[in-house]
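Could you put the whole structure together from the sequences, leaning on the hints where they help?
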Amino acid sequence: MVQGNNNANHTCIIQLPAFFSLEYEDDSDDDDIFALVIDPKNVYCYCIYKALLSDDPLANPNKECMLVVIFSDMKELAFIRLGIGNNNGHDLTWTKIQPAEYFNSDDILFYKDLCYAVTIEGTLRSFDLSDSCVDSTIRELGHEFPWMYEGLGHITIKRYLVELCGDIIMIERCMEYFHKVTKNGRTTKFFKVWRYTFDSNKWIHIRSLGNMALFLGDNSSVSVLATKFNGIQPNCIYFTHDLDGICTQQDE
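Heads up: the sequence shown is residues 1 to 252, going by UniProt numbering.
There could be a bad hint or two in this list.
Here are the computed distance ranges between Cβ atoms for each label pair [to be verified]:
hint, residue 1, residue 2, range
1, Thr156, Gly217, 16 to 22 Å
2, Phe178, Asp91, 40 to 46 Å
3, Ser132, Gly231, 46 to 52 Å
4, Leu225, Thr137, 30 to 36 Å
5, Tyr177, Asp128, 34 to 40 Å
6, His143, Gln98, 37 to 43 Å
7, Thr156, His90, 34 to 40 Å
8, Tyr177, His90, 41 to 47 Å
9, Gln98, Asn230, 43 to 49 Å
10, Leu58, Asp91, 32 to 38 Å
11, Leu16, Gly231, 33 to 39 Å
Note that these hints are calculated values from the structure, not bench results. Note that CB positions come from ideal geometry on N, CA and C, so glycine has one too.
Below is the structure:
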């Protein structure tokens with residue numbers, strides 16, 4: 001179920017069909033270990049990483065609405081067409097975007113009637129959810145980036161997609177993992193921001209956000225004009241830190 005509202009008098013509750021069953025292989029002879037692995041209480045938080053609506057069903061009740069999700073430990077993609085308001089067409093089951101091993105998606109974004117996904121390697125892909133054969137619409141764009149930056153220790157990358165001033169922007173959040181006797185964890189070291197250009201099919205490094213600011217999160221990421229909001233600094237990235245709560249980091 002998805003629930004949302006745009007004011008106190010209007011609430012939208014979307015009833016969703018059951019998601020995919022858990023897929024597993026019994027490679028263990030230990031019943032206790034096997035039971036721990038497949039217990040839904042232990043795996044539910046890993047099933048769906050992100051869910052994204054193509055449109056606001058309250059603001060646009062006559063427009064077809066899609067819900068796309070990143071799910072499973074392989075970060076596969078699936079979607080469902082929703083019948084909301086005056087639009088009665090809806091799917092009864094979820095549809096996987098195939099092949100699953102082709103994606104490993106880090107983030108998703110709706111942009112100009114297409115859905116875009118960026119992989120953990122930094123490859124950008126687009127697909128048209130309105131097409132009856134979505135898999136045939138998949139296009140590979142951009143190019144891969146290193147998952148670990150050479151010479152910087154145990155740096156790994158989390159990538160976000162945001163629309164900024166009419167362009168698709170990819171933000172690389174570079175994190176370092178550490179292991180101590182008292183605590184294990186990770187900390188964010190720096191960010192890199194890239195703008196995708198359709199003409200050259202390349203990612204262009206951005207060194208300044210100008211008067212804009214970015215808010216990054218697991219559920220959603222947005223860009224805002226800093227001057228429209230009190231207390232928001234321009235040319236800054238706001239994010240939830242891994243260890244220290246809410247932090248900001250000025251773009252390089």
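Tested hints:
1. Range check, threonine 156 to glycine 217: Cβ separation about 18 Å, and the 16 to 22 Å hint holds.
2. Our hint of 40 to 46 Å for phenylalanine 178 and aspartate 91 holds, since their Cβ atoms are close to 44 Å apart.
3. Remark: the range hint 46 to 52 Å for serine 132 to glycine 231 is upheld by a beta-carbon distance near 47 Å.
4. A hinted range of 30 to 36 Å holds for the C-beta pair leucine 225 and threonine 137, which are about 33 Å apart.
5. Between tyrosine 177 and aspartate 128 the CB atoms are about 37 Å apart, so this pair conforms to the stated range of 34 to 40 Å.
6. A beta carbon spacing of about 23 Å between histidine 143 and glutamine 98 contradicts the range 37 to 43 Å that was offered as a hint.
7. Between threonine 156 and histidine 90 the beta carbons are some 39 Å apart, a value that agrees with the proposed interval 34 to 40 Å.
8. At roughly 42 Å, the beta carbons of tyrosine 177 and histidine 90 sit within the given window of 41 to 47 Å.
9. Remark: the range hint 43 to 49 Å for glutamine 98 to asparagine 230 is upheld by a beta-carbon distance near 47 Å.
10. For leucine 58 and aspartate 91, the Cβ-Cβ distance of about 20 Å falls outside the hinted range of 32 to 38 Å, so the restraint is violated.
11. In this structure the hint that leucine 16 and glycine 231 lie 33 to 39 Å apart at CB holds, the actual value being about 37 Å.
The structure shown violates the earlier hints numbered 6 and 10.
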